[in-house]
Amino acid sequence: MPDFSFIFAQSISGLTAAMFLFLIAAGLSLIFGVLRVLNFAHGTFYMLGAYAAFQFMQWLGPGRGRFWLAALGAAAAIALLGGLVERFLFRHLYGAEELYQLLFTYALVLVLGDAAKMLWGTQQKSVSAPPELGGKALSLFGATIPYYNLFIILLGPVIALGFWLTLQRTRAGRFIRAAALDRETLGALGVNVDALYTWVFVLASFLGGLGGALISPMRATTPGMDTEIIVEAFVVVVIGGLGSFWGTFFGALIYGQVLSFGILFFPRFSIFAVFALMAAVLILRPWGLLGRPLK
Amino acid sequence: MRAPWELALLAAALLVPALGSRFYTFLANDVLIWALFATSLNLLVGYTGLVSFGHAAYFGIGAYTTGLLMKKLSLPFLIAFPAAGVLAGGFALLFGFFCVRLTRIYFAMLTLAFAQIVWAICFKWNEVTGGEQGMPEIPYPSLDWMGRLPLVGGLRTSDHFYLVTVVLVALCLWVLRRVVGSPFGRMLTTIRENAERAEFIGVNVRRYELAAFVLAGAFAGLAGGLFGIFNRGVFPDFAYWTKSSEVLIMTLLGGMGTFYGPALGALALILLNQQIVSYTEYWPFVLGTILIVLLFVFPGGLAGAAGTALRWLRRPA
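So the sequences go chain by chain: A and Z. Everything in the first sequence is counted per this note's numbering, starting at 1 for the first residue and increasing by one. Everything in the second sequence is counted per this note's numbering, starting at 296 for the first residue and increasing by one.
Here chain Z stands alone, though its shape is the one from the complex (with noise of 0.2 Å):
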C-alpha cells in the first residue's frame, strides 16, 4: 500500500472499536468481509471479463471448511482459516477447469450450475453439514492473548475478532492488489478486452482464466471462512444462487474494474440496507429499484459515477 490514504482508512478501521458501539463494529466487520468477497468476484467479472453466476459456491466451501474445522475437529484457526482459502482454491480448479472451456452465456450458467451442486450437498449432507438447519454455533478464534495487549485488552471478543478481520481482509486485499497490478493481471485485462488477440500472441488464455477463476474461489473462500465465524454459523444458502446475484450487484453498484470499487458497493449496500430495514422490511424491491435505476443511469457504478463527477469538476472552465 503505497499510497498513504489506503493506510489512513486501515487506521480508521481498526479504530471502530474504539466507538465503543457493538453495533458499529458489527457493520464494519459485516462490510469488510463482503468487501473482500466483491472484490474477488471483480477479479473474474471486472478485471477478466467472465461473468459468473455462482461465485457464492466458493464463499460456501470457504464458510463450510472454517466452520467444519473449528466446531467438530476444534481446530485452531491458524488452520481452519487458510484452509478455507485453499479448500475452495481447489474445487475452483476443478470446477473451473470445465468453466473457461466455455464462453459467456454458457459460461456463466456452467458457473451456476456446480454453485447449485455445492448447495444441494450443502443442503442435504446432514452428517456433515447440518443440512438444512445448517451448522449454528461456529466458536470464535481464541484470541485470549489479544486480552493481555495494551489498549484492545479490555476489548470485546467480537472486537477482537473484528480486530483480525481488518489485518486479514487488509492482507488479502493488498495481495490482490499487487496480482492486479502485476504482468499477470494485465494480462487478464488484455483478455477482457480481446481474447482473441491474446491468443494471436502466444498467451494460453484458457490458463490465466483458469488461474483468475482459482485465485477468485480461494479469496471469496477465505471472506466465507470468516464470514461464517462473523454470523456465528454457517448455513446453506451461502452457496445458493441468489447470494451470488447479492456479490454480482455489489461489484456492479461499486463499479467493476476499478479495483475499490466492489469494495465500496459493499459499503454502500449494507449501509444503506441498515438504514432501509428500520423503515420497512421490503428491502428486496427497494434494492431492485436502486439495481435497476444504476442499470439505466449509471452503469459504470459508484465509482464510475463518482470519477465522472470529478472530471466535470475539473473541467477547464
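Chain A extracted, bound-state conformation (with noise of 0.2 Å):
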C-alpha cells in the first residue's frame, strides 16, 4: 500500500492535470452549449496558444512578467482567430448538417495544425516558468509542489467562478444562456444573435488558448498535441454533460484523478480506464452525470 505523502502527491498531480482540462473544456462545452457542434480545431487552438506563448516570449526577450504578457497575448491572439473562423467561415454551415459542421471543424485541425508546422517545425518547443513561481516548491504533507502548479490548481477554480458569474449575472452571459435555449426567440427581441455567437466563439477560443499557453511551461509543445489534447476534452465534457457548465469542472475533476490514480494502480491501462468511463456514463447518462437531457 502507497503511504499518505505519496497518494497525496499523486492527487495532486491529478489536480493539476484537471484544471488544465477545465480550461480547454469549459470554451469546447461552451461552445456545444450554445452552437450545439462539437468543436475539433478546439484543440488545436490549445496548440495553436502553447506555440503563440512561445512566439512572443521570443519577441518580448528577457525582462520582469514576460510570461505574463505572453500568455495573456497568446489567448488575446487566438480569440481573434477563433472570431475570425466563425465570422467567415462557419457562420455559413449553421443550417447544414451535423456531420458537415463536424468535418468542417476537421478540417481547421488540418489546415490549422499544418500550418503551425510550417511556421515552427516540428521541432518540440519548450518556455521557461516566470521566475516569480519557477524553480520554488511548497512541501505539504511530505509532497512537493512546485509553485507554478499551485498557481494552475489556484487559477482553475478563479476562473471557473468567473466565467460562471458571467453567465449568470451579467447581460451578455443572460443572452448567451438565452442562445442556448432558443435562438429564434432571443433573434425576435432585437438581440444580435450572430454578433453574440462570435462573441462565444471569440469567449471560447480565449480559454482554449490561454489553456495551451498556461501549459507550455511544464509541457514542451509539440505538433499533435491537439489532436491529443481534444479527445481528452471530449471525454471531460461527456462525462461532466455536454453544455453543462459545473458538468465540465466536475468532468474534469474526475480524469484528472482517474487519470493519476489509474496509472498509479493499473499503469498500463489508465488511458483504457479513462474511455471506458466516457463510455459507461454515455450508455448509463448520455447527458452526463450534471447535465440536463437534450430535448
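Hints were generated in silico from the structure; no laboratory data involved. Think of the CB as a built atom: it goes at the ideal place given N, C-alpha and C, for glycine as much as any other residue. Keep in mind that a hint or two might mislead.
[Unchecked claim] In the DSSO-like style, the derived pairs of lysine-lysine whose C-alpha atoms are separated by at most 30 Å in a straight line are: (1) Z/K538 with A/K117; (2) Z/K538 with Z/K419; (3) A/K136 with A/K125; (4) A/K117 with Z/K366; (5) Z/K366 with Z/K538; (6) Z/K419 with A/K125; (7) A/K125 with Z/K538.
[As the list claims (entries may be wrong)] Chain A stretches covered by chain Z per the calculated footprint, using a threshold of three residues with CB under 8 Å from any CB of chain Z: (8) 97-111; (9) 278-285.
[Stated by the list, open to error] Part of the chain A face toward chain Z, derived, beta carbon under 10 Å: (10) F40; (11) L93; (12) D114; (13) K117; (14) L138; (15) L140; (16) I230; (17) V235; (18) I271; (19) A273; (20) V274; (21) F275.
Hints are included, so try docking the two chains, each in its own frame, into the full complex.
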C-alpha cells in the first residue's frame, strides 16, 4: 500500500491536470451548449496558444513579467483567430447537417495544425516558467508541489467562478444562456444573435489559447498535442454533461483523478480506464453526470 | 454485377500488374482496400444516417486479427481473413448494442469512445499487440499455387496478393451492393429519412440499425485484414480517431448515399495524396483546404458534382 504522501502527491498532480483540462473543456462545452457543435479545432486552438506563447516570449526578450504578457497575448491572438473563423467560415454552415459542421472543424484541425508545423517546425518548443513561480516548491504532507502547479490549481476555480458569474449575472451571460435555449426567440426579441455567436467563439477560443499558453512551461509544445488533447476534452465534457458548465468542471476533476490513480494501480491501462469511463457515462447517462437531457 | 461497366472495371483492375510497375500495383492495392473501408462506412453514414466517429476501431480489430493469426499462430490466410470480419463484426455487435440506443451527437461520441478503447488496448497491450511499436513483418499469404498458373505465374508476390485483393474486394462490394438494394437496405434508407415514421409502421429501428452497424463493422474488419498484410505491419494508429475522420472524409469526398461514391473518394484522395506529397510535405494542409472547399461548394461530393454536371449537360435546350 503506497503511503499517504505518495497518494497526496498523486492527487495533486491529478488536480493540476484537471485544471488544465477544465480550461480547454470549458470552451468546448460553451460552444456545444450554445451552438450545438463539437468543435474539433478547439484542441488546435490550445496548441496554437502554446506556440503563440513561445513566439511572444521570443519577441519580448528577457525582462520581468514577460511570461504573463506572452500568455495573455497568446490567448488574445487565439481569441481573434477563433472570432475570424466563426465570422467568415463557420457561420455559413449553421444550417448544414451536423456531419458537415463536424468535418469542417476537423478540416480546421488539418489546416491549422499544418500551418503551425510550417511556422514552428516539428522540433519541440519549450517555455521557461515565470521566475516568480519557477524553481520554487511547497512541501506539504511530505509531497513537493511546484509553485507553478499551485498557481494552476488556484487559477482553475477562479476562472470557473468568474466564467460562471459572467454567465449568471451579466447581460451578455443571460443572452448566451438564452441563445442556448432558443436562438430564434432571442433574435426576435431584438438581440443580435450573429454577433453573440461570434463572441461565444471568441471567449471559448480565448480559454483554449490561455490553456495552451499556461501549459507551455510544464509540457513541451509539439505537433500532435492538438489531436491528443481534444479527445481528452471530449471525455471531460461527456462525463460532466455536454454543455453543462459545472459538469465540465466536475468532469475535469474526475478525469484528472482517474488518470493519475489509474497510473498508480494499473499503469498500463490508465488511458483505457478514462475511455471506459466515458463509454460508461454515455451508456448509463448520455447527458452526463450533471447535464440535462437534450430535448 | 449486372452493369457491364462494373465487370469492365474489374477486368481493368485485374490488368494493373500487367503494366509491370510495382508502384501502380501498390497504389491500386491501397485504393481498393480503402474503397472497401469507405464503402462499409457509407452503409452506416450514407444509407442509415448514423454518423460514426469510430469506424477505425473495426478496421484496426480486423488488421490485428489477421496479423496475429498469420504471424503468431501461422494460420493460413483462408482462416485469418474471414476471422477478421467475424471478430470485427462481433465487436461491432457488442459496441453497437449500446451505440444504437443513442442518437446523433451522443451516438458519434460513443462510437468514438469505443474506438479509443480499442486503440488504447492496441497501444498498451505489449505482449499481444506489440504495443506502441505495432506488429511489423506480417507475412504474405502463401500464394505459391498462383506461381503455377498460366499468365500470372511470373508475377511478384506483391502482385499475387494484389490479385487476391481485387477478387476479395470485388466480392465484398458485390455483397454490400446486394445488401443496399435488398428490402433490408431499403428499410435502412427509410430509417435515415424518418426513423420515427419507420417506428410507427412497426419497424424495430434499433435492430435494423444494429444490423447495419455489425455489417459495416465486419466489412471494415475485412478491409483491415487486407490492409495489415498490404502494409506489411499493423500499428495502433489504425484504430486512432484520426483514421476514423480520414475514412469519413473519403466517404464525403466521393459522395455519401451513392454506392460507388466512397470508392471514388478513396481513389481521388489516394491519387491526389501521391501527387501532392511529391511537391510538399504539407498534405494535411492541402486535404483540409480541399475539405473546406468541398463543404462549401460541393456538399454532394464528387459523385454529387458529377450528377449535377450530367443533369446540366442533358438539360432541355
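Hints versus structure:
| no. | hint | in the structure |
| --- | --- | --- |
| 1 | Z/K538 with A/K117 | 20 Å, holds |
| 2 | Z/K538 with Z/K419 | 18 Å, holds |
| 3 | A/K136 with A/K125 | 22 Å, holds |
| 4 | A/K117 with Z/K366 | 37 Å, violated |
| 5 | Z/K366 with Z/K538 | 24 Å, holds |
| 6 | Z/K419 with A/K125 | 27 Å, holds |
| 7 | A/K125 with Z/K538 | 27 Å, holds |
| 8 | 97-111 | holds (count 12) |
| 9 | 278-285 | holds (count 4) |
| 10 | F40 | 8 Å, holds |
| 11 | L93 | 7 Å, holds |
| 12 | D114 | 4 Å, holds |
| 13 | K117 | 7 Å, holds |
| 14 | L138 | 34 Å, violated |
| 15 | L140 | 32 Å, violated |
| 16 | I230 | 9 Å, holds |
| 17 | V235 | 8 Å, holds |
| 18 | I271 | 4 Å, holds |
| 19 | A273 | 9 Å, holds |
| 20 | V274 | 8 Å, holds |
| 21 | F275 | 4 Å, holds |
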